[in-house]
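Q: Protein chains in written order, with the working numbering: chain A, 1 to 241; chain B, 1 to 84.
No lab work stands behind these hints: they were computed from the structure. Incorrect hints may have been included.
A short, non-exhaustive set of chain A residues, derived as facing chain B with CB atoms under 8 Å [unchecked claim]:
no.	residue
1	V146
2	S174
3	A181
Glycine included, C-beta positions come from ideal geometry on N, C-alpha and C.
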Amino acid sequence: MGQGILLSEGTSVDFMIHGVFSYELFGQTVWITTTHVCVLIVMLIIMAFCLFANRAIRHATEVPGAFQNVVELIVEMLDGMIGGVMGKYAVNFRNYIGTIFIFILTSNISGLLGLRPPTADYGVTFALGIITFVLIHFNKFKHQKVSGVLKGLCEPWPIWAPINIISDLAVPISLSLRLFANILSGTAIMALIYALLNKFAVIWPAALHVYFDLFSGAIQTYVFCMLTMTYITDACTTEEN
Amino acid sequence: MEFNTNFILGCSAIGAGLAVIAGIGPGVGQGIAAGHAAAAVGRNPGAKSDITSTMLLGQAVAETTGLYGLLVAILLLFVKPLVP
Chain A
1 MGQGILLSEG TSVDFMIHGV FSYELFGQTV WITTTHVCVL IVMLIIMAFC LFANRAIRHA
61 TEVPGAFQNV VELIVEMLDG MIGGVMGKYA VNFRNYIGTI FIFILTSNIS GLLGLRPPTA
121 DYGVTFALGI ITFVLIHFNK FKHQKVSGVL KGLCEPWPIW APINIISDLA VPISLSLRLF
181 ANILSGTAIM ALIYALLNKF AVIWPAALHV YFDLFSGAIQ TYVFCMLTMT YITDACTTEE
241 N
Chain B
1 MEFNTNFILG CSAIGAGLAV IAGIGPGVGQ GIAAGHAAAA VGRNPGAKSD ITSTMLLGQA
61 VAETTGLYGL LVAILLLFVK PLVP
């Protein structure tokens, strides 16, 4: 940071991604960064939860216990959300939307565990955006056929086609930048508070954590999944149905 | 023309400050959305959960333009693209 922030005497403001170690791959230096480590930890948390959930459902009882109740609640909530938006297409996309919902939510609130949220790295969110982009266009070609896609590009006039292509390409970029910038701003503000007010930052930053990590993280997860579902439903809908 | 690094850093800081003025627009927009949502809840209290989720979705989408300004500011301050 150096002379970036003058107020912070001695204490440095640090919310950047750091390299852990590097290796050579086909003459390129590839860095394993803190993001990889944090994604790995988030994955381990989700996997442990899944193993326990799987065991709880395998030994499911008529009157559910506490943990079985929580698992059923999560599944019902996700099913309700996806079914409400996607209607008859919900069956095909339950797995994907549920997966990204749980992954993004866990990533966003991993700031509470002292990790740097993986979604505060553009590499992670852009990958999610690209997956959404591929899904949208795969389903577009599958349901509307090539003629329908070409017709959609030439709306309202053929001269509009370049603008329609640009607006299609902007979808993954705006989706990923929205998630990235929201989480990054929360991370940056918390880092600034801890570095600049390090003697006064006692207990009350917890309220800010509730806002920036829990509230903002949950809202952005919801928004990302909601927009993904809306775009995919839009791509699946043809003029006949 | 040659400028020294400190001059460029100072100008970057001013630019970052100007870039976050972009936050005014989403602030006004989100306020309008929240106001209309409050009015809608007043008219139809039964649809409160639907109205809240629609409002939050709209606000999050409207927030994007402000976040682009923030992104420019963060790039100028911490990535320092203008410093040779």
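Q: Taking the hints in turn, state whether each one holds.
A: To see whether the hints hold, each was checked on the structure:
The restraint placing A:V146 at the interface with chain B is violated, with a minimum CB-CB distance near 30 Å, outside the 8 Å limit. For A:S174, the interface hint holds, the least distance from its beta-carbon to any beta-carbon of chain B being 6 Å, beneath 8 Å. Hint status for A:A181: holds, given a least beta-carbon distance of 4 Å to chain B, under 8 Å.
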